[in-house]
Amino acid sequence: MQSLSLDALPDLPQCATIVQVASTLWERDDVLALWVGGSLASGTGDVMSDVDFRVAVSPSDLDSWRQPAFEQLFTQIAVQGHSFMQFGNDAFLHHLVFSNGEIFDFFVQSTERLPTAESLVVLGCRSQPFQLKLTEQNRLIIRQPLPVIADSVEQLLVDFWISTHKHRKVLFRDLPLMVPLGLSVETNMIMRLWYIQVSGEDCGDLRQQTIHSFSHIARTIERSLGSDVLRMLGAPIRDLSELCSAIELHRSIIARVGRELAHIYKFTYPVSLEAMVVDHWQRFKSSLPL
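When we follow this note's numbering, the leftmost residue of the sequence shown carries the number 2, and every step to the right adds one.
These are calculated hints, taken from the structure and not from any lab test. Cβ coordinates follow ideal geometry from the N, Cα and C atoms, glycine included.
Simulated DEER-style distance windows between Cβ atoms:
id	residue 1	residue 2	range
1	D91	H281	51 to 57 angstroms
2	S216	Q68	29 to 35 angstroms
3	L291	F215	32 to 38 angstroms
4	S216	V159	26 to 32 angstroms
5	I265	L182	30 to 36 angstroms
6	I142	D175	47 to 53 angstroms
7	V80	P290	46 to 52 angstroms
8	N189	H281	22 to 28 angstroms
Construct the entire structure; sequences and hints are all you get.
Pasting the structure below:
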């Protein structure tokens with residue numbers, strides 16, 4: 002595939018940028034392969050999708066791509082933001098934001114590195130050995146459901162009650178700004194438990210999710226629980242009284258969902274831990290200027 006092929010790109014606005022930069026890059030002898038991954042390659046992209054753009058070069062040329070002159074590569078648009086991430090010794094990512102609002106992941110790798118297995122749109126390849134790698138890795142990745150493990154769910158509930166018990170400490174020390182940080186940790190736990198409740202599957206630690214991987218989880222929860230989800234997770238926290246209400250709302254959700262999951266998956270709900278936390282909270286709360 003010595004020539005550049007752009008016909009397989011979807012009909013989306015950001016593909017104009019792909020066409021321009023691919024055409025510019027293909028004039029360079031050190032560029033051995035160009036391809037697109039992510040949602041634009043899998044057919045699930047939309048006008049808000051990031052561009053997952055991939056470049057392969059020889060190992061000896063890789064280092065020169067650490068600081069490319071992007072104004073010479075993207076001739077129709079300006080880079081407004083740029084962050085750099087290293088992936089081992091044979092790849093790195095330039096995470097770019099353009100003046101038109103597009104987000105463009107410009108990933109450069111050595112031809113000795115195996116491309117990520119995913120749906121690919123290969124734009125051009127000058128290396129027959131690397132073309133074989135692209136063909137081998139070009140496949141639709143099916144999401145594999147995670148089984149619900151009773152011990153893991155039980156531990157998650159214990160972790161929640163330990164975490165929420167710490168709100169008392171930070172409020173005693175007059176550190177109300179720390180409460181939202183704890184609430185955000187709890188929100189991840191609640192959404193994970195909700196997902197288990199409505200799907201019968203686990204989704205793992207939500208802090209490891211991306212927008213792409215979290216989309217299925219969010220839609221599953223919203224379809225089952227409706228608009229009340231935002232009301233419960235988006236409770237106002239503008240003053241001490243509202244902070245306390247948000248803390249107690251999280252606890253009521255966990256108490257209800259946790260008991261249901263304990264019944265379904267046959268584990269022991271941490272009743273005594275919950276009772277201790279609630280008892281100490283009520284005594285502490287009575288001392289607050291509410």
